[in-house]
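So the chains spell out like this:
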Amino acid sequence: MTAYLARRLLQTVALLFLLSIVLFALVNLAPGGPLAGHGQSRHVRPERAAILKRQFGLDKSLPLQYVIWLAGNDWMKVDADGDGVADSYGTRKGILRGDFGFSFRTREPALKEIGQRLPNTILLMAVTMSVAILIAIPIGIISALRQYSIYDIAVTTFSFAGQAIPEFWLGLILILVFYATLKSPFSGEPLLPAGGMYTLGIGFSLGDRIKHLILPVATGALGWIAWYSRFLRSSMLDVIHQDYLRTARAKGLPERTVIYRHALRNAIIPLVTLLALDLPYLIGGTVFVEMIFSWPGMGRLYYQSALQRDYPVLLAILIIGATAIILSNLLADVLYAYVDPRIRYD
Amino acid sequence: MIRSRESTALSLVCLFALLLASLAGCGQATQTPQPQPTATSPAIAEPTATQPAPTAKPTATQPPPTLTAAPPEPTSVVIVIPEDPPSFNAIVADTGYDALVMELTMLGLTDIDPEGNIFPELAAELPTIDNGGVVVDEEAWTMEVIWKLRQDVQWQDGTPVTADDVVFTWNAIADPDTGTWMQGIDYIGGVAKVDDYTFVISYTGIYPGYLTQFGGEQLVIWPAHYCDAEQGFTAWDCARAPMSDGPYVLEEWVVGDHMIFARNPNYYKADKPAIGQVIVRIVPDATVRKTMLINGDADVDMWTTEPIVFDLKDEPNVQVSISPYPRWVLRLFFNLAAKGTVDPVASPHPILADVRVRQAIRMAIDVDTISQQIFYGYGTAVWTELFRPPYGCDIPGPKYDPEAAAALLESAGWIDQDGDSVRECHGCLNAEEGAPMEMELITYSDFGEPMLLAQQLIAEMAGKIGVKFELTVVEGSVLWATAEEGGIEQLGNFDVDLWDDGYSGTDPTDFLWELYAADAAEPDYGWNISRWINDDFNALLDEAYTLDEAVRKDVFCQMAAILDEQVPSILLFSVINAEAHSTRLEGIQSTTFDVVTWNAEDWSVK
Chain A
1 MTAYLARRLL QTVALLFLLS IVLFALVNLA PGGPLAGHGQ SRHVRPERAA
51 ILKRQFGLDK SLPLQYVIWL AGNDWMKVDA DGDGVADSYG TRKGILRGDF
101 GFSFRTREPA LKEIGQRLPN TILLMAVTMS VAILIAIPIG IISALRQYSI
151 YDIAVTTFSF AGQAIPEFWL GLILILVFYA TLKSPFSGEP LLPAGGMYTL
201 GIGFSLGDRI KHLILPVATG ALGWIAWYSR FLRSSMLDVI HQDYLRTARA
251 KGLPERTVIY RHALRNAIIP LVTLLALDLP YLIGGTVFVE MIFSWPGMGR
301 LYYQSALQRD YPVLLAILII GATAIILSNL LADVLYAYVD PRIRYD
Chain B
1 MIRSRESTAL SLVCLFALLL ASLAGCGQAT QTPQPQPTAT SPAIAEPTAT
51 QPAPTAKPTA TQPPPTLTAA PPEPTSVVIV IPEDPPSFNA IVADTGYDAL
101 VMELTMLGLT DIDPEGNIFP ELAAELPTID NGGVVVDEEA WTMEVIWKLR
151 QDVQWQDGTP VTADDVVFTW NAIADPDTGT WMQGIDYIGG VAKVDDYTFV
201 ISYTGIYPGY LTQFGGEQLV IWPAHYCDAE QGFTAWDCAR APMSDGPYVL
251 EEWVVGDHMI FARNPNYYKA DKPAIGQVIV RIVPDATVRK TMLINGDADV
301 DMWTTEPIVF DLKDEPNVQV SISPYPRWVL RLFFNLAAKG TVDPVASPHP
351 ILADVRVRQA IRMAIDVDTI SQQIFYGYGT AVWTELFRPP YGCDIPGPKY
401 DPEAAAALLE SAGWIDQDGD SVRECHGCLN AEEGAPMEME LITYSDFGEP
451 MLLAQQLIAE MAGKIGVKFE LTVVEGSVLW ATAEEGGIEQ LGNFDVDLWD
501 DGYSGTDPTD FLWELYAADA AEPDYGWNIS RWINDDFNAL LDEAYTLDEA
551 VRKDVFCQMA AILDEQVPSI LLFSVINAEA HSTRLEGIQS TTFDVVTWNA
601 EDWSVK
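Residue numbers (our numbering), protein chains in the order written: chain A, 1 to 346; chain B, 1 to 606.
For reference, chain A alone in the conformation it holds in the complex (with noise of 0.2 Å):
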C-alpha cells in the first residue's frame, strides 16, 4: 500500500503539473480578456488598457505569462514604467512558491480572495452534504425493501423531481414562501431570511446561523439526495439478491441484523467512494445557491472572476479545485481497499 500511495502522489505531482498548462492556456485562449469594459465602463480607454496591460502582465507572451505564473519573476528583470526598458527585478513569486497572483478587479491577493470564501462555503456544503446524506441513506433502503411499492414509486418520483428542479428555481420558490409570504406568529418577523449567513447586529447565536441555512441548505440538498438515495437503492437490490443474505435469513438471523449487518454494510461500500469523489464539491461551492441565498462562497467568486475575466482568481479557482479531485480519487481508492478487504493495491 505505502509503495501505491508512494506512486499515485507521485503520479499526482505529474498530472497536476500538466493540468497547471493545460488550464492557464485554456483560461487564456478563452475568448475575450480582462481589459475589456465591465460595470460603468462599456469600453476602456487604449491608454488605459496599456497601463492595465502591463500592471496585469499581459504585455508578455504566453509560454513567457505561464513560467511567471509559475515561477515568479523576482528573478528576472521587468518593464514596470512602460518605458520599454526591464530595469527591476519583478514583485511575482509564482504559485510553486504559494503566489497564486493579485486579482485583478481587487488587486487583492488571489489566495487571499479564496480565503475570504472558503470557510462559508465548506460550512454551506458541509451541513448540505450532511443533511443529504443522514436523508437519502434511510431512503435508498427503504425503496430498495420495497420495491415497487407504492413508497418505491413516490420516492422514486421525488427522486426525479429532486434532480430536475433547477436550484435557482427551488431557492427563489422557498424565498417567496419562507421569506415573503410566512411570517412567525410571535414576532410578525419572515419565517426565514432570505439570505446571508447571519443576521447583523445580534452577535453569534447557533440558532441564528441555523436559520439562515435552513433555505441553502434545503435547496442544495434535494439534488443530493435524490442522487444518494437512488444509488443506494439500486446498490441495495444488487445485495439483497446474493446468496449469502439467504445464508443468513437460513441461518435464523433477525431480518433487521439480516439487512443492516449484512446487506446494507455491503451496499453501503460503493457510497462511500461515491462520498469521497463528491468531497471537491465542500471547496467548489454551488453557484446558483450562494447568488440565490447571497452566501459568500466559492461558487459566487468562481462565477464572478469567469465572467470578469479575473485570471488570477480564476485560475487559483481552478488549481486548487484539480487538486482537490486528484486527492480526493486517490481518497476514494484508498477508502475501497479500506472498507473492502477484497480490494488489495499491490
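Hints were generated in silico from the structure; no laboratory data involved.
Any given hint could be a false lead.
Just the calculated beta-carbon pair ranges, DEER-fashion [said to hold, decoys possible]:
#, chain 1, residue 1, chain 2, residue 2, range
1, A, Tyr89, B, Leu471, 47 to 53 Å
2, B, Gly486, A, Thr323, 26 to 32 Å
3, B, Pro389, A, Phe204, 47 to 53 Å
4, A, Thr323, B, Gly397, 58 to 64 Å
5, A, Leu15, B, Ile322, 54 to 60 Å
6, A, Gly98, B, Asp524, 30 to 36 Å
7, B, Leu471, A, Phe186, 49 to 55 Å
8, B, Gly340, A, Thr323, 52 to 58 Å
9, B, Gly340, A, Val13, 41 to 47 Å
Ideal Cβ positions, reconstructed from N, Cα and C, are used throughout, including at glycine.
Since the structure of chain A is provided, determine the placement of chain B on it from the hints.
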C-alpha cells in the same frame, strides 16, 4: 467486517467534525457590528479568519480617535447591491459599486448634482476665468487653474486635508508604474502646492473638463499621511481600508456579505449626516433584492432595472427615484468597413457604407414599441449624443416610417426581385449585383433579457423592409476586448452591434472623440468602431477644446447635426437610471452624473 464498520464510522465522524469545526470557526470569527461610532472605535474591523477586514499600513489601519464626537443616532439604512465593490477607488475598476462606497466616505474637489450643476466639495469655490481661478495664456494656448481648498475639512483622525494631499494624489495617479489613466491626463503638465490650502494645476493645452477632473464619480483626494505611495495608486491598501473625510467611515467589511458605515464624527458639516449608520448588503439576485425592499429589510436598491421598477409600482412601502436625465442610450453601431476589416475607404462595407441604407434602417425602427413592450415604457427616446445639459441640442427626432424606409432602399439599389422578402443589390453602390441584404446583428448577454428581446424586435422590424439580420449574442468581455485579445469590435468582425453607452459627467468632448474621431478608428487606439471618418467633425472636435461656453455649445450642436445626417450609429432610447427605495427614506435622488450616495449626507428617515 470490523474494518468496514470502522471505515463507515470514521467517514461520518470526519464529516461531522468538519461541520462542527466550520460552525464553531465561523462563530468565533464573526464580529458583531458596532452600530455607532464612538471616539475610540477603530475605523476598520480587525481581520479574522473568516472575516478578513481590509488591511493597510499597521499605523494606518487604526486612525487615532477623533477629537469631536457627534451624538449617536439610532437610525440605520440598508443599501443592497449585487457584488462587492472592488475597492473605494472608483477610477481603478469603475464598477459603480466602488463609487457608491467612495461617495459615502471620501471627497473630491468637486461633484455634480442630478441637474448637471458642478458644486465644490473640498474646493472652497469653483475656479473660473471671472474669479481669477483660471489663467489662460492665449499665445502658448495653455492654462493654469488655481484651486483653493476649504480649511475646515479633516481626515477622520483629525489631520487637516491640505494641498499636500492633492499633490500626493496626482503624483500617485501619474506614476507610470502603478498609476492609472484619467480623462485629460495628457493635458496636465503638473500640480504644484502654493500653500497648505492652495495649489495650481498647469495644463499644456486648453482642457474644458478641468472642473470635474479631480472629482465627480470617479476621483477623490487621498490622504498623503495614510496611503502608501510605494504600493501605488491602483493597488494601495488604503483603497480597501480608507481613511474618511466624507460623511461616513467604514466600520466593518465582511467580503461578499456586508459593509457597515458609521457617521464620521469629524465630518466638517457638524449637523450631517442625519442617518447614523449605513449598511451595504451584497445580494446578487435582483428578485431577492426586490423582495427585501418589499419586506422592509432593504431601503435602497442601486440601479433598479425596468422590470423591477414595474413590479414595484404598486407596492405601498416602496418608491422609485428616477434620474432627471438618463445616461445609457441603446444604440446600433454600423460597421462602415467590410466585415473583418477596419478601412472604410479601401474596403467599404457592401451594405452599410451607403448612408441611405443607414438612414432607412433608422426609419424602420419603431423606438416607442421597443420601449413600451420590452422596457415597460421607461425608455426615453434619444436620437442625438447631445441630449442632456449643459449641451442639449435641438435636433429634430427621426420619424418611424417603414414605407419611406423601403422607398429609400429602392432608390439605393436594394430591391427584392426574387420575392423572398430579402432585398438584393440591383445597382447598389458597394455590393456585388444580386448580393442579398443579409447582415449579422450582435448584442451582449451581460445586460440581460431586455437587450436580447430588443435585438429580436429590431431584427423583426428590419425584416419588414427586406433587411435580414442573423442574431448573435456574445459576452461583453468578448465584444469589447482589445484587438489583441480578439475583440469583435476592435477587429471589425461585425456588421451591426446593439448595446448601450453614454458619457459620464458633464463634458462630452472625450466621449465624442472616443466614438467618432478619425484617430479613434484605428484598432486599439479608440472606439470609433464604425470606422466613420468625417473631416468636418474632426475639425469641430478640435474647436471644442475651449473655455468659451457659447462656442462649445455651438460646436457641439454642429457635431450633433453632422452625426444626425451621416448616421454612423443609431441612437434609440435611454434605459432607466433609477433607484427603488423604501418610503421611510427621504432626500434620496437618483442621478446619472454620479451614484445614488452622492448626497447620502442629506438623507433622513421618517
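To see whether the hints hold, each was checked on the structure:
At roughly 51 Å, the beta carbons of Tyr89 of chain A and Leu471 of chain B sit within the given window of 47 to 53 Å. Evaluation of the 26 to 32 Å hint for Gly486 of chain B and Thr323 of chain A yields a pass: the beta carbon distance comes to about 30 Å. Taking 47 to 53 Å as the suggested C-beta distance range, the pair Pro389 of chain B and Phe204 of chain A conforms, at roughly 52 Å. Between Thr323 of chain A and Gly397 of chain B, the C-beta spacing of about 60 Å keeps the proposed range 58 to 64 Å intact.
Taking 54 to 60 Å as the suggested C-beta distance range, the pair Leu15 of chain A and Ile322 of chain B conforms, at roughly 56 Å. One distance hint, 30 to 36 Å for the beta-carbon pair Gly98 of chain A and Asp524 of chain B, holds here, with the actual separation near 35 Å. One distance hint, 49 to 55 Å for the beta-carbon pair Leu471 of chain B and Phe186 of chain A, holds here, with the actual separation near 54 Å. Look at Gly340 of chain B against Thr323 of chain A: about 42 Å separates their beta carbons, and that is not inside 52 to 58 Å.
One distance hint, 41 to 47 Å for the beta-carbon pair Gly340 of chain B and Val13 of chain A, holds here, with the actual separation near 45 Å.
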